[in-house]
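Q: Sequence:
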Amino acid sequence: MKLGASDFITKPVLLDHLYLTIKRLLEEKKLKEEAELANYYKNLAHLDELTGLYNFRYLMIVLKKEAKRHIRYNHTLTIAMMDLDDFKAYNDTRGHEAGNELLVNIAHIFRHNTRNCDMIFRYGGEEFVIVFPETTQDEAVVVAQRIRVMVEASLDTTVTIGLASLPKDTTSSKELIELADRAMYWGKAHGKNQVVIYDEPMSMCK
1 MKLGASDFIT KPVLLDHLYL TIKRLLEEKK LKEEAELANY YKNLAHLDEL
51 TGLYNFRYLM IVLKKEAKRH IRYNHTLTIA MMDLDDFKAY NDTRGHEAGN
101 ELLVNIAHIF RHNTRNCDMI FRYGGEEFVI VFPETTQDEA VVVAQRIRVM
151 VEASLDTTVT IGLASLPKDT TSSKELIELA DRAMYWGKAH GKNQVVIYDE
201 PMSMCK
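Its first residue numbered 1, the sequence shown is counted upward by one per residue in the numbering used here.
Worth flagging that the hints you see were computed from the coordinates, not collected in a lab. Beta carbons: idealized from backbone N, C-alpha and C, even for Gly. Do not rely on the hints blindly, as some may be mistaken.
[Stated by the list, open to error] Cut-off 20 Å, straight-line C-alpha distance, at most; resulting in silico cross-link-like pairs (SDA-like, lysine to any residue): (1) Lys64 x Glu49; (2) Lys188 x Lys65; (3) Lys65 x Glu178; (4) Lys174 x Asp156.
[Unchecked claim] FRET-style restraints, in silico, Cβ to Cβ: (5) Asp138 x Lys23: 55 to 61 Å; (6) Lys23 x Arg72: 46 to 52 Å; (7) Ile22 x His96: 52 to 58 Å; (8) Ala189 x Asn74: 53 to 59 Å; (9) Lys174 x Leu25: 27 to 33 Å; (10) Lys29 x Asp138: 37 to 43 Å.
Just need the whole structure built from these sequences, with the hints factored in.
A: This is the structure in structure tokens:
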């Protein structure tokens with residue numbers, strides 16, 4: 001078959017275009033995969049290895065940003081500091097593996113009893129923090145009580161929870177954690193297995 005001059009011009013041009021298109025698509029795919037991998041490792045740096053919850057380091061970042069945002073718009077931010085009661089005794093009698101399993105189960109209860117916008121952190125050891133954005137203490141108490149009841153009913157342990165809010169109790173993200181911690185330890189000193197809202201006289205408790 002006879003080929004015209006246009007065949008010798010058009011076909012190489014089409015092949016060049018196809019080559020460039022494939023090259024561009026492969027580069028875009030590679031960039032997307034690299035971005036996804038970077039995001040994966042970034043998320044790993046923010047997660048607690050055992051429970052899969054956010055870790056202490058990420059709590060400090062999030063709470064500082066959320067505190068600024070809530071103060072700016074005069075909205076309420078509430079946090080819950082939670083500690084498993086008598087966890088050391090549980091670990092000593094049942095073993096480290098059983099203790100780890102308990103922490104994983106606790107994390108599961110936290111996830112299934114909070115909203116998508118709430119953020120859950122492993123503060124350290126058997127202590128956890130939940131950050132409740134745009135949430136009053138009265139609203140957070142409802143969630144905290146539900147968690148407390150679920151833990152007691154489904155696991156062989158109990159949890160004491162302390163609540164503090166910004167800007168009601170403080171305007172400092174660091175102090176907000178301290179106040180929730182004081183409320184929690186007040187609850188532990190007065191019977192455990194309860195939800196306690198921070199009150200100023202608790203500042204005298206150590």
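Q: Just pull the numbers of the violated hints for me, sorted ascending.
A: 1, 2, 4, 8, 9, 10
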